[in-house]
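Trainee: Chain by chain, the residues:
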Amino acid sequence: DAKTTQPTSMDCAEGRAANLPCNHSTISGNEYVYWYRQIHSQGPQYIIHGLKNNETNEMASLIITEDRKSSTLILPHATLRDTAVYYCIVRENTGNQFYFGTGTSLTVIP
Amino acid sequence: DGGITQSPKYLFRKEGQNVTLSCEQNLNHDAMYWYRQDPGQGLRLIYYSQIVNDFQKGDIAEGYSVSREKKESFPLTVTSAQKNPTAFYLCASSIGLADVDTQYFGPGTRLTVL
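Which chain is which? The protein sequence lines are A and B, in order.
Quick note on numbering: the first sequence equals residues 1 to 110 in our numbering.
Quick note on numbering: the second sequence equals residues 1001 to 1114 in our numbering.
Treat the hints with care, since some could be wrong.
[Said to hold, decoys possible] To spell it out: a stretch of chain A is covered by chain B in this simulated footprint if at least three of its residues, at any positions, have a beta carbon under 8 Å from a beta carbon of chain B; those stretches are:
#	stretch
1	16-26
2	39-45
[To be verified] No more than 25 Å apart at the CA atoms, straight line, and that leaves these computed lysine to any residue pairs for SDA-like:
#	chain 1	residue 1	chain 2	residue 2
3	A	LYS3	B	GLN1050
4	B	LYS1014	A	SER41
5	A	LYS52	B	TYR1104
6	A	LYS3	B	LYS1057
7	B	LYS1057	A	TYR99
8	B	LYS1083	A	GLN97
9	B	LYS1083	A	SER41
10	B	LYS1071	B	ASN1084
11	B	LYS1009	A	TYR99
12	B	LYS1009	A	SER105
13	B	LYS1071	A	GLN45
14	B	LYS1057	A	GLU92
15	A	LYS3	B	THR1102
16	B	LYS1009	A	HIS40
17	A	LYS3	B	ILE1095
18	B	LYS1009	A	GLY101
19	B	LYS1070	B	LYS1083
20	B	LYS1071	A	GLY101
21	B	LYS1009	A	GLU92
These are calculated hints, taken from the structure and not from any lab test.
C-beta atoms are modelled at their ideal positions from N, C-alpha and C, and glycine is treated no differently.
Working from the sequences, and respecting the hints, build out all of it.
Mentor: In structure tokens form, the structure reads like this:
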């Protein structure tokens, strides 16, 4: 069962930062937060993951609240190619399954 | 190039026929997975395999079968017992049994049963 809540859709102006929120209020101590995105009719693409510290890579930043009950994925300078469905997933570090909900459909507007 | 390949990208079959979807990876990953995605929905796990010659059912295994004879291959057969086989099928792989076990996905196969 999906353990996360995300807004159904969001818009972002091209060149601006896209901030995608995710609530995971029932997260337990050994569960990681993962973010994937899926462009229409393609396989999901891994973006980033974290446990409790904020993380940054070449694609995005992940900000996790101190209580770990929510997180935000930040795309610092959104481009049209970032238009996709973004999935926030919580998963035990030894689990086998990623529970994908319906995610947030992000549209980057020129 | 390292990665996961799925073939074909589009597949059409007549109702009542079995069909096998291919998934190959050259990432030297131990674990492989099959998911199904229906329009506007998230992914649902069909089967997974953590090691060669071993696999487990996921949430929606009925009407599907798999084999794992080689580390790099995990084919999925959609049988005639699957009531609604038309869907987008995604294969993934991961290192397996690691503290952080990121799954990487193939491009998917869209199956249409006529």
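Trainee: Flag every earlier hint the structure violates by its number, smallest first.
Mentor: Those not satisfied are hints 1, 10, 19, 20, 21.
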